[in-house]
Amino acid sequence: MKPFVIRVGSRALWLTLAALPAAAVAHHSYAMFDLSRTVTLQGTIKDFQWTNPHSWIWIDVTAADGKPEQWGIEGMSPNYLARRGWSKHTLNPGDKVSVVIHPLKGADHGGSFLSVTLADGTVMRQSGGPPPASGPTPNP
Amino acid sequence: MLQKPVRRIRWVMAVSVFVLGAAAATAVAQSKPDLGGVWEVTMGVRTRPGPGAPEMPALTPEYAQKLADFKAAQAKGEDEESPQANCVPPGMPGIMNQPYPMELLFTPGKVTIVIEAYSQTRRIFLDGRKHPDDPDLTYNGHSIGHWEGDTLVVDSVGFTPDTALGPSQGYRHSDKMHIVERFRLTDPDTLEVVTTVDDPKALTKALSGTKVLKRHRDWDIAEYICEQNNRNLATDKGKAGILLNH
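Protein chains in written order, with numbering that gives the first Met the number 0: chain A, 0 to 139; chain B, 0 to 245.
Hints are computed from structural coordinates only; laboratory data are not their basis. Any given hint might turn out to be false.
Computed spacing ranges between beta-carbons, pair by pair [to be verified]:
1. P131(B) - T39(A): 53 to 59 Å
2. T37(A) - T120(B): 37 to 43 Å
3. A63(B) - K104(A): 28 to 34 Å
4. D235(B) - G105(A): 17 to 23 Å
5. D33(A) - K75(B): 31 to 37 Å
6. K238(B) - P67(A): 27 to 33 Å
7. D149(B) - H88(A): 42 to 48 Å
8. S35(A) - G76(B): 16 to 22 Å
Please read these numbers as outputs of a predicted model, since none were measured by experiment. Each residue gets a CB set at the ideal place from its N, CA and C atoms; glycine is no exception.
Here chain A stands alone, though its shape is the one from the complex (with noise of 0.2 Å):
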């Protein structure tokens, strides 16, 4: 009995791991941002687009060399974060935060979001408020 038994856990393992047709598809690729580098900005934010098919985070900081650098973020839509505890009043201009990105590949001022932590300490990933969840974050 017991190798057929392990048999049915394999093939119950498989059925889940394997073979969905098609990917979870992606709205685009990621070739475009640097997955292999992580930037944290630290800035003040101008505009949160609540909009499909991202939001976007735009946040004003100031360059190492002094001049000021505005940067857009994206993140994923309100459909996908307002389930997980985020709303279109999460992010407000003025606020003072620091977001964390992989950052575009070329010198352009754009990243893929991973983190924010608000003012008062509070850390919201996409995935929801802290912790983080176990695993990559959805990131269609």
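With the hints as your guide, set chain B onto chain A.
Below, chain B without anything else, positioned relative to chain A:
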């Protein structure tokens, strides 16, 4: 001759049996599992190539060549991006594997799947009709369904080859792609969908996979207008771009 009270009892019993039988038949007819409501594909299932990867499509030589051409273009920096970056829906089967929920609506003779991603709708006819002999080719195809016990079986044909089979844009399908989906509850709020894709032009053997969806009884489908603020783009060569004007 039976006495009157006995006859009355027999008559009542006969009527009762008839009524109970009819009620039981109705109960059987209505006892299909409740698959209605808002469902989301559970993520965390490994769907990309790599260790523990899903079954990959077994391509015919013609379609293996298409994949090789795609990979060669990618090596030159082309075809990085899919049409979805320009808000073009992926079509079947990819539209059923999105990170956004879908709502199954049951009305007489029809199941309607309202898919949040790209605001898509699938109509599955359960009224006994057949597929058209010469269906127009569409992104989501023509779908008919029936019940096999507690399993809703959906059969779909009529797909435009403009869309990809997946898991990447390099894996194409033909206009002969045929998809069978088997929807079954494994517990009151868990839906298993076993999907089998065959394509005599593109695949040497059928591709099969299972996904698991969770019912969210307190969710509603939300608006998803991809064109609202889409800053991603694919050039005519499929090069990925992003717009940072604000």
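Structure versus earlier hints - violations, ascending order: 5
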